[in-house]
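> Guided by the hints, dock chain B onto chain A, whose structure is given.
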Amino acid sequence: MSAPSVADQRPVVAPTLGFRRRLLDNTVVRNVGPFMPIVLLWWLIAELEVFPSAFFVGPDVVAVRLVELSRNGILTGYLADSLYRLGTGVLVGLLVGGVFGLIIGLSRVARRFAWPLLVFFQAIGDIAWLPLLIVWFGFSLLSVTAVIVYTVVFPLALSITAGIASVPEDMRRASASLGAGRWQTLTEVVLPGALPGVVSGMRTGLGYGWRALIAAEIIVGTSGIGFMMFDARRVGEVTDVFLGMIVLGVLWYALDALILAPLERETVERWGMVRRPAAAAK
Amino acid sequence: MSSDATYQRAGRLEVRALEKRYDDERTGDSVLALERADFEVEGGEFVALLGPSGCGKTTILNIVAGFISQTAGEVLVDGQAISGPGADRGVVFQSFALFPWKTVRANVAFGPKMRGMDKQERRQLADEYLELVGLSGFEDKYPHELSGGMQQRVGVARVLANQPAVMLMDEPFASVDAQTRMTLQEELTRIWQERRPTIVFVTHDVEEAVFLADRIVVLAPHPGRVREIVEVPLTRPRVWDDILGNDRFKETVHHVLGLLKAPQVTEQPTVEAET
Numbered sequence: 001m002s003a004p005s006v007a008d009q010r011p012v013v014a015p016t017l018g019f020r021r022r023l024l025d026n027t028v029v030r031n032v033g034p035f036m037p038i039v040l041l042w043w044l045i046a047e048l049e050v051f052p053s054a055f056f057v058g059p060d061v062v063a064v065r066l067v068e069l070s071r072n073g074i075l076t077g078y079l080a081d082s083l084y085r086l087g088t089g090v091l092v093g094l095l096v097g098g099v100f101g102l103i104i105g106l107s108r109v110a111r112r113f114a115w116p117l118l119v120f121f122q123a124i125g126d127i128a129w130l131p132l133l134i135v136w137f138g139f140s141l142l143s144v145t146a147v148i149v150y151t152v153v154f155p156l157a158l159s160i161t162a163g164i165a166s167v168p169e170d171m172r173r174a175s176a177s178l179g180a181g182r183w184q185t186l187t188e189v190v191l192p193g194a195l196p197g198v199v200s201g202m203r204t205g206l207g208y209g210w211r212a213l214i215a216a217e218i219i220v221g222t223s224g225i226g227f228m229m230f231d232a233r234r235v236g237e238v239t240d241v242f243l244g245m246i247v248l249g250v251l252w253y254a255l256d257a258l259i260l261a262p263l264e265r266e267t268v269e270r271w272g273m274v275r276r277p278a279a280a281a282k
Numbered sequence: 283m284s285s286d287a288t289y290q291r292a293g294r295l296e297v298r299a300l301e302k303r304y305d306d307e308r309t310g311d312s313v314l315a316l317e318r319a320d321f322e323v324e325g326g327e328f329v330a331l332l333g334p335s336g337c338g339k340t341t342i343l344n345i346v347a348g349f350i351s352q353t354a355g356e357v358l359v360d361g362q363a364i365s366g367p368g369a370d371r372g373v374v375f376q377s378f379a380l381f382p383w384k385t386v387r388a389n390v391a392f393g394p395k396m397r398g399m400d401k402q403e404r405r406q407l408a409d410e411y412l413e414l415v416g417l418s419g420f421e422d423k424y425p426h427e428l429s430g431g432m433q434q435r436v437g438v439a440r441v442l443a444n445q446p447a448v449m450l451m452d453e454p455f456a457s458v459d460a461q462t463r464m465t466l467q468e469e470l471t472r473i474w475q476e477r478r479p480t481i482v483f484v485t486h487d488v489e490e491a492v493f494l495a496d497r498i499v500v501l502a503p504h505p506g507r508v509r510e511i512v513e514v515p516l517t518r519p520r521v522w523d524d525i526l527g528n529d530r531f532k533e534t535v536h537h538v539l540g541l542l543k544a545p546q547v548t549e550q551p552t553v554e555a556e557t
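Chains A and B, in that order, are what the protein sequence lines are.
This note's numbering applies: residue 1 is where the first sequence begins, and numbers increase by one.
This note's numbering applies: residue 283 is where the second sequence begins, and numbers increase by one.
Chain B on its own, in the form it takes in the complex:
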């Protein structure tokens, strides 16, 4: 594949002293949603942002995506400060956000179309990425004709076909059933190994984070801040059947759960351990 080279070393993401403060217009108070977050994601690395609600993980993702602006700090992609949304940072949404009036193929070809790729070429590209996510034969369907899990495969293919420097995923599997979720998680690790995109994956599910990521940025809430960055000592490929009984998996999950539960200034009952 000609596109592989683009994923090799490019796609380095740096988050520097990132801070987000929301102003409440009525009361005039300001709420600190994120306090000086610092971390880096190497090109081709798979990093999870993990934490309970209120920890600022989605805030970080939205700032990195360029959907909202930070109060302080900066985000660099391959050394360049970002401003606003751009094709170098593709986003996979929890809501899928597919375009219902476009076929599956046209959804995947959307990015290439926006940058002016000719029709034949982008059609080919779209079909290639649909094959990658296991959706060959569904090119001419409309999104609503597919199951939730399949729709999110389209969401992943749509971003990858656009060959971004970084793929941002915002709790992408939170709205599919448990069985499908496990399949999608395995599929994602397979695709990641094949193509090596840089992935930043937001989740509140500890096991999901440990299963998927190379490193986990564990966040704490109120105000949102980085608690610890955890290395995941698991080899790849990763398959749930093997991983579930793996001692290092269990230890890492344990360790991360401990981080989330460790006494804080204000104890948050929102943290739950999923099994």
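Same shape as in the complex, but just chain A:
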């Protein structure tokens, strides 16, 4: 048994990290740090009254309002409404888009047939459907959900199709010549191989869905973060608009950090299927 010299091919990990490195790796510092200068600048502009305070409020005012609206349950209620709509829309959208993407990705006939339709309907855009949806379903939750589903379906279906197409031919061949049947090759090789596409489709889809939700709430709204912001504008309450914007940003950030990023880390990054600059240097 001859052993290859493999020890020297292992990646070398530095035994100790410097203080600066540790500080930069700290979760709180990493996530909150970049925002500190912006908040400071914001506070400065408000304090110096560059703009009249009826148009521009400082972080302190917004923070107070945040506590107030959280206590009386308005913000939390609206937030729950928005998240529920997003959740429903995205879930249905993922299901429909996933099925569509699989069918189009796996069948050449379906692809030829569906491609012009995909391009055409994607071009119409989500909000453009709202007038018609409102006529059909009224100012209801159904209209909002329909818009989100519509938004999520296309990027997801397109990404899954691209993901399936990107599975190298040699991998399918390897699978077949190792004795896998068509169905086994599909479940064992093609579907996992398409995962980078699925993950990137989910990211784009969710992002689009999130924006569509706010837009739909502004137009259709009876509740939700989008509604809160637009309603505040109507009564001239700038603080709530500021607050709404921050809530949107924080929520997306949390969604990304808590769901999307770990999903990517545990799958495509762990398997080396996406090349990040550091990995590409290898």
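Check before you lean on any hint, since a few could be wrong.
Examples of chain B residues toward chain A, derived with CB under 7 Å [what the hints assert, rightly or not]:
| # | residue |
| --- | --- |
| 1 | Tyr304 |
| 2 | Phe349 |
| 3 | Ile350 |
| 4 | Pro382 |
| 5 | Asn444 |
These are calculated hints, taken from the structure and not from any lab test.
All residues carry an ideal CB built from backbone N, CA and C; glycine is no exception.
Just chain B, lined up with the frame of chain A:
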């Protein structure tokens, strides 16, 4: 090892009057990629298919693997005509074609899993073959964590663990560096001697073919055809240190190079002698 017996006499490959013609859809022309190739590989034999690009060596391999279909002729494995890819013909790819989402062990256990071997058993089998290729300790790594040479060891173990009648290798060491390539070549001859799988090894590297094979099917291009089948008069085990100074090695390399360079209807400048 219980598996040794399967390699003894089984694994005979016959290629009979094999022909491949490609049709160009735009011009309507058809190109003859391979013209009546005839050769046999005995069970447990190591045969190299050697030639410059355009000689049809990869076409032959792809037909034998069942990835593409021939225009005429037939391929028999142990007397049975092949149709489509199958577990009796395992393929080692130049691109490795490992499954990145599976660990090294799961990659090697893939074939046995497909035919329904239970988990404990195939795990054991995979570890046995990983030891054979010198990768013990790397079972739980993912392919991208290994060097190219190590990945191809996994590729070899994955095929051998599936115990095919014939192992087909398509320029398997072409994408690793020269040092690693020589190590892998020596390792392959060692493994072949231990297990005696039938190997069909596609390469354009004359010295590689002479070093590895019992016989070399030398192919000529445009159209691809068998030029000559050369016996390699070298004893085993073969180690580069001994082989490089060996006169019979040099003579065989010389002879094969001569075959590749011999005047043809159209002289091909693509043939290069690697040293």
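> Now look at each hint and say whether the structure bears it out.
Here's how the hints hold up against the structure:
1. Tyr304: Because about 17 Å separates Tyr304 of chain B from the closest Cβ in chain A, which is outside the 7 Å limit, the hint is violated.
2. Phe349: Status holds, d = 5 Å.
3. Ile350: Since chain A brings no Cβ nearer than about 10 Å to Ile350 of chain B, farther than 7 Å, the hint is violated.
4. Pro382: holds, 4 Å
5. Asn444: holds, 6 Å
Violation of the numbered hints given earlier is confined to hints 1 and 3; the remaining hints are satisfied by the structure.
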